[in-house]
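Participant: Sequence:
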Amino acid sequence: MNEPIETTPFVESKPRSGGALALFLLMALPMPFCLLIYHFILWSTEQAAIISLSIGGAAWAGPMGVAGQALLMSLLFGLLWRFTTDDRFKGWYLGLFIASLMGFPTLLLRALGANNDQLGSIVQFVLAIIATLVVIRIRKKDLTWNFGTVPFGLLVAALGIFPLAIYGSFGSPGDAFYSLLAGLAIGLLAAVLMGEAENVFLNGVGVGGVLALLTSALGYDGAQLILVALVPAFSFAIAAVLPSRSAAMVATGLLTFAGLAFFDPTELTVVLGDIAGLAFSAVSIALLIGWGVSVVGVVIRLVAGTGSGSSVKRAIGWAGAGIAWMSLIAVFFLFGNPGNYGDRLFVIFRNQADLSDLDSMTDVDARRTAAYEMLVKTANIEQAGVRSVFDTLGVKYTPYYLQNSMEVQGGTLIRLFLLFRPEVDRVIPSPRLRAAPEDEPTPGLSTVNSGEVLWNISMIGADRVWDEFNVRGEGIVVGQSDSGVDGDHPAFAKQYRGLNSGDDYNWFDPWDGTTSPNDEGGHGTHTLGTILGADGIGVAPAAQWIGCVNLDRNLANPALYLDCMQFMLAPFPIGGDPFLDGDPTQAADVINNSWGCPEIEGCDPNALLYAADNLRHAGIFVVV
59 MNEPIETTPF VESKPRSGGA LALFLLMALP MPFCLLIYHF ILWSTEQAAI ISLSIGGAAW
119 AGPMGVAGQA LLMSLLFGLL WRFTTDDRFK GWYLGLFIAS LMGFPTLLLR ALGANNDQLG
179 SIVQFVLAII ATLVVIRIRK KDLTWNFGTV PFGLLVAALG IFPLAIYGSF GSPGDAFYSL
239 LAGLAIGLLA AVLMGEAENV FLNGVGVGGV LALLTSALGY DGAQLILVAL VPAFSFAIAA
299 VLPSRSAAMV ATGLLTFAGL AFFDPTELTV VLGDIAGLAF SAVSIALLIG WGVSVVGVVI
359 RLVAGTGSGS SVKRAIGWAG AGIAWMSLIA VFFLFGNPGN YGDRLFVIFR NQADLSDLDS
419 MTDVDARRTA AYEMLVKTAN IEQAGVRSVF DTLGVKYTPY YLQNSMEVQG GTLIRLFLLF
479 RPEVDRVIPS PRLRAAPEDE PTPGLSTVNS GEVLWNISMI GADRVWDEFN VRGEGIVVGQ
539 SDSGVDGDHP AFAKQYRGLN SGDDYNWFDP WDGTTSPNDE GGHGTHTLGT ILGADGIGVA
599 PAAQWIGCVN LDRNLANPAL YLDCMQFMLA PFPIGGDPFL DGDPTQAADV INNSWGCPEI
659 EGCDPNALLY AADNLRHAGI FVVV
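Sequential numbering of the sequence shown, starting at 59, is according to the numbering used here.
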């Protein structure tokens, strides 16, 4: 009897091309570095537009640059996907092509403006989910998940997040939640875009290219710089678990979440300065960690298991991931910046007090007292409904009376609620800065002036007023709202109204709650010297001054500016309530405001118009 002969089906070898390999490496390997440099140039151009009024058109550099990137890269990788004959790179070129196309819909993110991070995260989530569904439909069954590799992804992410947890800080719980949704959605999209070149090194190159294209498109307002530097650094570690996509999804998603959540991208601006330095330090360390983890990625994978290995390996993997995340949480609370640094909302109510009838009053104290009482009454009546709802729900808020307004600690849902309230005119952002190392008040260089009139005084003729009219500011109280005031500066220490009476009614610091004049920035000390510095330095050397800190760091918000404007109408004691303890008979006569409130600080052109008008109606001269 003849035995059947077992035959092995002939499998045609896949075409391999040295030229295709070289082209793939040329296109994908330098992608993270090139896109980081490219987007740094775009971002720097946008920053130049912010700090310069003469090149406002440069603000379009970001959107135009992203559109150009999307057009060029999608055309390039679309052609490579269509015409390549090397199966190792077919899937990767498809992923790079779709990642490039993401630059077009993400232009919507650039239209949101500053300080709309929660809305931006929602848009990122929606775009990433839609794109993921499209890719899954295209790839169909060409996806392997193997959730047993999840511990490896968790471990990789934890290692990368450590420096961000130390240097950065979260916004509000809502900010963190929406960033987590966006990060995980982007991680899912990245995972389904990844191909399979049957080689860890080539897969790592492809992962880096896909992640660089995705993060540069989906990051905006500065976040793209953090993401492009951070996430692709772990590309070879992520490639170690392919073709399983679960660890890739988890690692990419959580790293993206960290890049979005620990730093407010708007605060990377050169106008502020301090947050950019912290972000650079954190991402630089994470970059080195990413490279190190990538080098040992294969070893970590063998230890953690892939889900098909022994239960012991899987247990080791989960234990390692658990230890890493518990350590990360401990480091954050011990050495990081736990707390709520979320942006807030500034609510401008529809009905504002009309103080125009006070303009004819000649008794200044009576005029200011009447203004104070009318403003407080209007605010208490008009805000009653909203305050009642917030008190019931436990929503924190700060009411204002100088302008019928309110600052609310809330996000997207609170904004939607307020927009449908009939008594609300509009809601604008009130951004709060993330944590940074505390500055200490540092006195500047003390220079002794000979008493001669300085050039600035003689240029405007102030010395002639002194001599010809014998007027040097006697009896005038100047309200200084700025970075603070060095109360010990010899040029004006003796002119402080609280020199003998104390700091009550004379000093207010809504930033840090300090109880006596100090200046961490120096700008306020400089400008007050110009106003009333002695020995020929200031215009009105016989005037007195009171002070308020509205710009401790170099970006504030409408609420902080209004804090100080309100204090100047009715100063109150340290720790007092502006609504109950204000004393308009101790108001400033002239207030100096050498600051602006542009869009990056939350303001629109008329955000504080009512406040300025009401100060004028109260008989206070407002200098801007």
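Mixed in with the good hints there might be a few duds.
[To be verified] Below are the SDA-like pairs computed for lysine to any residue, each with C-alpha atoms no more than 20 Å apart in a straight line:
| id | residue 1 | residue 2 |
| --- | --- | --- |
| 1 | Lys-148 | Val-258 |
| 2 | Lys-454 | Leu-471 |
| 3 | Lys-148 | Leu-165 |
| 4 | Lys-148 | Leu-83 |
| 5 | Lys-435 | Ala-670 |
| 6 | Lys-198 | Gly-149 |
| 7 | Lys-148 | Tyr-96 |
| 8 | Lys-148 | Ala-106 |
| 9 | Lys-435 | Gly-452 |
| 10 | Lys-435 | Leu-413 |
| 11 | Lys-148 | Gly-136 |
| 12 | Lys-552 | Ala-442 |
| 13 | Lys-148 | Ser-75 |
| 14 | Lys-552 | Ser-516 |
| 15 | Lys-148 | Ile-194 |
| 16 | Lys-435 | Arg-445 |
| 17 | Lys-198 | Leu-134 |
| 18 | Lys-435 | Phe-630 |
| 19 | Lys-148 | Gly-76 |
| 20 | Lys-148 | Leu-138 |
| 21 | Lys-454 | Leu-416 |
| 22 | Lys-552 | Arg-484 |
| 23 | Lys-435 | Phe-475 |
| 24 | Lys-148 | Glu-256 |
| 25 | Lys-435 | Leu-471 |
| 26 | Lys-435 | Arg-408 |
| 27 | Lys-552 | Arg-522 |
| 28 | Lys-148 | Glu-104 |
| 29 | Lys-552 | Trp-569 |
| 30 | Lys-552 | Glu-526 |
| 31 | Lys-454 | Thr-427 |
| 32 | Lys-454 | Glu-431 |
| 33 | Lys-148 | Leu-166 |
| 34 | Lys-454 | His-584 |
| 35 | Lys-148 | Leu-134 |
| 36 | Lys-552 | Phe-527 |
| 37 | Lys-552 | Gly-571 |
| 38 | Lys-198 | Asp-145 |
| 39 | Lys-454 | Gly-232 |
| 40 | Lys-454 | Ala-428 |
In short, the hints are calculated from the structure, not lab data.
Participant: Take the hints in turn and mark each one as holding or not.
Facilitator: Against the structure, the hints come out as follows:
{"no.": "1", "hint": "Lys-148 <-> Val-258", "in the structure": "16 Å, holds"}
{"no.": "2", "hint": "Lys-454 <-> Leu-471", "in the structure": "14 Å, holds"}
{"no.": "3", "hint": "Lys-148 <-> Leu-165", "in the structure": "28 Å, violated"}
{"no.": "4", "hint": "Lys-148 <-> Leu-83", "in the structure": "14 Å, holds"}
{"no.": "5", "hint": "Lys-435 <-> Ala-670", "in the structure": "18 Å, holds"}
{"no.": "6", "hint": "Lys-198 <-> Gly-149", "in the structure": "12 Å, holds"}
{"no.": "7", "hint": "Lys-148 <-> Tyr-96", "in the structure": "26 Å, violated"}
{"no.": "8", "hint": "Lys-148 <-> Ala-106", "in the structure": "41 Å, violated"}
{"no.": "9", "hint": "Lys-435 <-> Gly-452", "in the structure": "24 Å, violated"}
{"no.": "10", "hint": "Lys-435 <-> Leu-413", "in the structure": "12 Å, holds"}
{"no.": "11", "hint": "Lys-148 <-> Gly-136", "in the structure": "10 Å, holds"}
{"no.": "12", "hint": "Lys-552 <-> Ala-442", "in the structure": "43 Å, violated"}
{"no.": "13", "hint": "Lys-148 <-> Ser-75", "in the structure": "13 Å, holds"}
{"no.": "14", "hint": "Lys-552 <-> Ser-516", "in the structure": "23 Å, violated"}
{"no.": "15", "hint": "Lys-148 <-> Ile-194", "in the structure": "16 Å, holds"}
{"no.": "16", "hint": "Lys-435 <-> Arg-445", "in the structure": "14 Å, holds"}
{"no.": "17", "hint": "Lys-198 <-> Leu-134", "in the structure": "24 Å, violated"}
{"no.": "18", "hint": "Lys-435 <-> Phe-630", "in the structure": "18 Å, holds"}
{"no.": "19", "hint": "Lys-148 <-> Gly-76", "in the structure": "15 Å, holds"}
{"no.": "20", "hint": "Lys-148 <-> Leu-138", "in the structure": "8 Å, holds"}
{"no.": "21", "hint": "Lys-454 <-> Leu-416", "in the structure": "34 Å, violated"}
{"no.": "22", "hint": "Lys-552 <-> Arg-484", "in the structure": "44 Å, violated"}
{"no.": "23", "hint": "Lys-435 <-> Phe-475", "in the structure": "24 Å, violated"}
{"no.": "24", "hint": "Lys-148 <-> Glu-256", "in the structure": "12 Å, holds"}
{"no.": "25", "hint": "Lys-435 <-> Leu-471", "in the structure": "29 Å, violated"}
{"no.": "26", "hint": "Lys-435 <-> Arg-408", "in the structure": "15 Å, holds"}
{"no.": "27", "hint": "Lys-552 <-> Arg-522", "in the structure": "24 Å, violated"}
{"no.": "28", "hint": "Lys-148 <-> Glu-104", "in the structure": "37 Å, violated"}
{"no.": "29", "hint": "Lys-552 <-> Trp-569", "in the structure": "25 Å, violated"}
{"no.": "30", "hint": "Lys-552 <-> Glu-526", "in the structure": "25 Å, violated"}
{"no.": "31", "hint": "Lys-454 <-> Thr-427", "in the structure": "29 Å, violated"}
{"no.": "32", "hint": "Lys-454 <-> Glu-431", "in the structure": "25 Å, violated"}
{"no.": "33", "hint": "Lys-148 <-> Leu-166", "in the structure": "30 Å, violated"}
{"no.": "34", "hint": "Lys-454 <-> His-584", "in the structure": "36 Å, violated"}
{"no.": "35", "hint": "Lys-148 <-> Leu-134", "in the structure": "13 Å, holds"}
{"no.": "36", "hint": "Lys-552 <-> Phe-527", "in the structure": "23 Å, violated"}
{"no.": "37", "hint": "Lys-552 <-> Gly-571", "in the structure": "23 Å, violated"}
{"no.": "38", "hint": "Lys-198 <-> Asp-145", "in the structure": "17 Å, holds"}
{"no.": "39", "hint": "Lys-454 <-> Gly-232", "in the structure": "14 Å, holds"}
{"no.": "40", "hint": "Lys-454 <-> Ala-428", "in the structure": "29 Å, violated"}
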